[in-house]
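So you can see what is in the structure, the chains are spelled out below.
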Amino acid sequence: DVKVTQSSRYLVKRTGEKVFLECVQDMDHENMFWYRQDPGLGLRLIYFSYDVKMKEKGDIPEGYSVSREKKERFSLILESASTNQTSMYLCASNGMRLLLSGNNEQFFGPGTRLTVL
Amino acid sequence: GENVEQHPSTLSVQEGDSAVIKCTYSDSASNYFPWYKQELGKGPQLIIDIRSNVGEKKDQRIAVTLNKTAKHFSLHITETQPEDSAVYFCAASRGTNAGKSTFGDGTTLTVKP
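Chains A and B, in that order, are what the protein sequence lines are.
When you line the first sequence up against the numbering used here, it's residues 1 to 117, in that order.
When you line the second sequence up against the numbering used here, it's residues 1001 to 1113, in that order.
What the hints contain is simulated information worked out from the structure, not anything from laboratory work.
Just so you know, these numbers come straight off a predicted model, no measurement behind them.
Here a beta-carbon is modelled for each residue, glycine too, at the ideal position from N, C-alpha and C.
A couple of the hints might just be wrong.
Said to hold, decoys possible - These stretches of chain A come out as covered by chain B in the derived footprint (C-beta under 8 angstroms, 3 or more residues):
hint	region
1	38-44
2	108-117
Stated by the list, open to error - For lysine-lysine, the following DSS-like pairs were computed, each having C-alpha atoms within a straight-line distance of at most 25 angstroms:
hint	chain 1	residue 1	chain 2	residue 2
3	A	71	B	1042
4	A	3	B	1037
5	B	1022	B	1058
6	A	53	A	71
7	B	1037	B	1057
8	A	57	A	70
9	A	3	B	1042
10	B	1112	B	1071
11	B	1112	B	1022
12	A	13	B	1037
13	B	1058	B	1071
14	A	18	A	53
I would like the entire structure built from these sequences, with the hints used as guidance.
Printed below as a string of structure tokens:
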């Protein structure tokens, strides 16, 4: 079974703090994604990565950065947390082997609920 | 880019009734259409998917239909049970897009016992 884990289920931080959200997948997937989920707004893509050290902006990258130093790990960084970044953050991954067979399924972690005070 | 619209945003049904959730997409090059179920406190999980070369797919009580001409696809759940209560997301993607998908805004389904 594919497993995507996220470092924390719940996190409370103060405005201005630097925040790291970690995601690890164990299926040797090439692609990894960070989303934020807010009521009524669905899943919005923040950043994605299709290879080690590669990153691409998603739809809402402002205020975030990412790091992918190893294939299995994708980190989301909030350089200076703000209250409007209070949200549920979801990490996902998928692999080229599935993609080449026409399957674009994404495998999600359980999410990190971040509250910025 | 791709735009996916999902309706309704909330749906309440009695146990045993059917539930239908509809999505439209804008990019005619999209060729893969998954549906995800997100239970409370968990990440979304794939429940069924359909590719553009197929019009309908069924897996026990759930089915998905695709109309490529009209660019819409639907999720059908029959004989609903309380454990079907969850948030459901549709998505659309094309195979050449680095694994990216565009998601609908989600439908909160409540099945009343």
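Outcome of the hint check:
1. As drawn, the region 38-44 of chain A meets chain B at 4 residues by the rule of a beta-carbon pair under 8 angstroms; at three or more, the given contact holds.
2. Remark: the region 108-117 of chain A is confirmed as covered by chain B, as 4 of its residues place a Cβ nearer than 8 angstroms to a Cβ of that chain, reaching the required three.
3. Distance check on the hinted pair: residue 71(A) and residue 1042(B) sit about 24 angstroms apart at the alpha-carbon level, within 25 angstroms; holds.
4. A hinted pair counts as satisfied when its Cα atoms are at most 25 angstroms apart, and residue 3(A) with residue 1037(B) qualifies at roughly 17 angstroms.
5. Our distance criterion of 25 angstroms between C-alpha atoms is met by residue 1022(B) and residue 1058(B), whose separation comes to about 16 angstroms.
6. A distance of roughly 9 angstroms separates the Cα atoms of residue 53(A) and residue 71(A); the hinted pair therefore holds under the 25 angstroms criterion.
7. For the hint pairing residue 1037(B) with residue 1057(B), the CA-to-CA distance comes to about 17 angstroms; that is within 25 angstroms, so the pair holds.
8. Between residue 57(A) and residue 70(A), the direct Cα distance comes to roughly 19 angstroms. Compliance with the 25 angstroms bound is thereby established for this hinted pair.
9. A hinted pair counts as satisfied when its Cα atoms are at most 25 angstroms apart, and residue 3(A) with residue 1042(B) qualifies at roughly 13 angstroms.
10. A hinted pair counts as satisfied when its Cα atoms are at most 25 angstroms apart, and residue 1112(B) with residue 1071(B) does not qualify at roughly 32 angstroms.
11. For the given pair, residue 1112(B) sits about 21 angstroms from residue 1022(B) by alpha-carbon distance, which is consistent with the 25 angstroms threshold.
12. For the suggested pair residue 13(A) and residue 1037(B), the alpha carbons sit about 29 angstroms apart, so the restraint of at most 25 angstroms is broken.
13. Between the alpha carbons of residue 1058(B) and residue 1071(B) the distance comes to roughly 19 angstroms, so the proposed pair stays at or under 25 angstroms and holds.
14. As the CA atoms of residue 18(A) and residue 53(A) are separated by approximately 21 angstroms, the hinted pair is consistent with the 25 angstroms bound.
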